[in-house]
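Chains as they are written, first to last, in the working numbering: chain A, 3 to 632; chain B, 152 to 233.
Honestly, I wouldn't trust all of these hints.
[To be verified] Cross-link-like lysine to aspartate or glutamate pairs, in silico, EDC-like; alpha carbons within 16 Å at most:
| id | chain 1 | residue 1 | chain 2 | residue 2 |
| --- | --- | --- | --- | --- |
| 1 | A | Lys58 | B | Asp170 |
| 2 | B | Lys160 | B | Asp221 |
| 3 | A | Lys250 | B | Glu214 |
| 4 | A | Lys451 | A | Glu464 |
| 5 | A | Lys594 | A | Glu582 |
| 6 | A | Lys22 | B | Asp172 |
| 7 | B | Lys229 | B | Asp184 |
| 8 | A | Lys22 | B | Asp170 |
[Claimed, not checked] Quick look at which bits of chain A chain B covers, simulated, 3 or more residues with Cβ under 8 Å:
| id | segment |
| --- | --- |
| 9 | 46–60 |
| 10 | 241–248 |
To be clear, the hints were calculated from the coordinates, so they are not data collected in a lab. Idealized CB from N, CA, C, for every residue including glycine.
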Amino acid sequence: MLESLEWLLPPPVDFRQQIKELRAAIEAGEFARVEARLQALANHGLGLTQLEQLAKTTQRYAAAATKTDLRRVKLGLLGAGTLDVIAPALIATALRHNLLLEVVLADYGTTLQAACNPASEFRAQDPEFVLVSSDYRTLDLDGSFLGEEEGRSKVEFANQTLRATLDGLKSWVRGGILFQTVVPPMEPLFGSLDFTQSQSCYAMVSALNRTLGEWARAGELTLVDIARAATWVGLENWHDPARWHLAKMPFAMRFVPLYADLVGRVLAAITGKARKCLVLDLDNTLWGGVIGDDGLEGIVLGQGSAGGEAFLDIQRLAKRLRQRGVILAVCSKNEQDAALRPFREHPEMALTEDDIAVFHANWTDKAANLRAIADSLQIGVDALVFLDDNPAERAQVRRELPMVAVPELPEDPALYPRALMAGGWFEAVSFVEEDAKRADDYRAQIKRKELESTSDVAGYLESLQVVCTFKPFDAVSRARISQLVNKSNQFNLTTRRYTEAQIATAEADPELYTLQVRLSDRFGDSGMICVIIFRKDGQRWVNDTWLMSCRVLGRRVEEAVLAEVVRAARAEGVAQLVGEFIPSAKNRMVEKHYQKLGFTLLEDKGGQTIWGLDVEAYVTPDLPITIVRD
Amino acid sequence: MTRAEILAKIHDVMIDVLDLDELHITEKTTASDVDGWDSLSHLRLITETEAAFNVTFTTGEIERFENVGDMVAAIETKLQNR
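Turn these sequences into a full structure, and let the hints steer you where they fit.
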């Protein structure tokens, strides 16, 4: 399943013809639908050469197109072996994860220099993200036979090399630093004893990976666990000694597509492009049979039959995903009442009605339903994964909405969980308490909307019983703050990204005013929904970062936040607040943010606007929000 | 498979791997005769050729390839020894 990316469709027979058409369109400057078509091609299980051709076409498109719905990312590759073969595969695969990728390479064998030398050519190209790959052979962990002590010092030396690379990168990389785990060799030295014998290459690699794990836990880097992926396909297959000797190719060429997808999904997660919602079909996806025809007693589900257990398995997987914060939705061609019956009455169901944030059972086409589901959750259609056993439905959705992830399903439902997870659509680079709550929160959001539609705005806000909790940045919330800073795109005035380490520095910086805002209401706790940074500049405070979760729009929270900032500014005798709007592809919605809050326009630099607020003249509004200061 | 048939199949692999619109090769063709056939694309060419014929070249064979004919010969031997 993994080598040929079987969760994707096989490549179209006219692949090359389509590439030619796209190239002609790009050359002619006709960009309409080119992006969607490039993405649609990337959504196939392409081989090495096809990835290369798609990459070349994508590069031409990226250079020529002025606007894109994809997130542009510049990735620097550092490390062991021939990365030139890998680069095009990464560019093509990134489309699959809604990214428009550019790759920057350092010369072979110059990792440390590229990372640490301020004048390095690599650094001059200013990659936003850097991926460091390491290999046991280039780290010299497979040298001649050593004593235990020497084994440890070998590992220590390799540690120091990686540490120096990391420190060098930390001083200048803006977006994020990714390190691959090191893949152990296949060949044993002692055999099973390698596990405990510290001078075996196997033990040395394990020790090194543990250290990388510690750095990752400390928020210094993001891991791409290639060592684990190698065990998925088997070390015997992963390693290709002939290609290593021939061209320093660090793994078998046939796994380049898989490797590229693993990197692509981590980049997606780190840039907030990972999928947020799993949309489930019902009949023959969550249970065997058709509920409308077979009835509650007739559907196959649960203990007692192998088939029933298989369907239970996919439900339990969906449930676990929900518990880690993935939103669940249902999209089924069914009568609503019939579709809900198993959720309400079938004793073997693992999923309950409460697990499902949005439930669409009707006879409208699925693409339209998916759009409606994304709308009601206020997330992009590109945040959806659609699981459906019916190839025709999958094809319709792919055709209409190429940005939706639609895994191919094998014939046997027992393999559905594997097919769903093999695609890595729900990759995460961090997990905090708020993530676990998120699925609940989206469900609460739907209930709020129902309430909103039945009452006037003021009465609605009163009835929500909103509570805002204000607090400066602190260590406990560091991970979540950094996550929001790096993921928020829409309600984000300046889109400045900071690493967790930079957030930590901000906590104690007397030149900064920082604020984290949590929100809860009668339907639930939304957790942290807003991050604010102002730079203190004498009589003025200048906004550096103002971002909010779009889920809390329309609840006057931004007004409460401004009132809180003014309160703090007054306490320090500040005369003016200065706000800035830096336009991005995604933040059009906050173009008038400062205007709405009563700021005056000071300057307009071609769309980038500067705003001022007279602190003394500001009148604190009366808001239907309870304020708590922690 | 005759040598001509093997050559024709290599032609098809090569035109795709090197992303060319047209290509004319004989057994005497070397890398310097073909646009885009450099050390990197060579790596892919070898891999895709192996896949197309379902054969595996040894490291030594690959090192000794000097022209297309050498590839044809290696493939011919492997197919005959099946």
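Hint check results:
At roughly 10 Å between alpha-carbon atoms, Lys58 (chain A) and Asp170 (chain B) fall within 16 Å of each other, so this suggested pair holds. Proximity of Lys160 (chain B) to Asp221 (chain B) is assessed by CA-CA distance (about 14 Å); at most 16 Å being required, the pair is judged to hold. Proximity of Lys250 (chain A) to Glu214 (chain B) is assessed by CA-CA distance (about 14 Å); at most 16 Å being required, the pair is judged to hold. Among the hinted pairs, Lys451 (chain A) with Glu464 (chain A) is consistent with the structure: their alpha-carbon atoms are about 14 Å apart, no more than 16 Å.
Between Lys594 (chain A) and Glu582 (chain A) the alpha-carbon distance is near 11 Å, which keeps this suggested pair within the 16 Å criterion. With a C-alpha separation of about 10 Å, the suggested pair Lys22 (chain A) and Asp172 (chain B) falls inside the 16 Å cut-off, and the hint holds. Restraint check for Lys229 (chain B) and Asp184 (chain B): the C-alpha separation of about 26 Å exceeds 16 Å, so the hint is violated. Among the hinted pairs, Lys22 (chain A) with Asp170 (chain B) is consistent with the structure: their alpha-carbon atoms are about 10 Å apart, no more than 16 Å.
Residue count for the segment 46–60 of chain A with a Cβ under 8 Å from a Cβ of chain B: 6. That meets the three needed, and the coverage hint holds. For a cut-off of 8 Å, the count of residues in the segment 241–248 of chain A with a CB near a CB of chain B stands at 4, and the three-residue condition holds.
Of the numbered hints stated above, the single one contradicted by the structure is hint 7.
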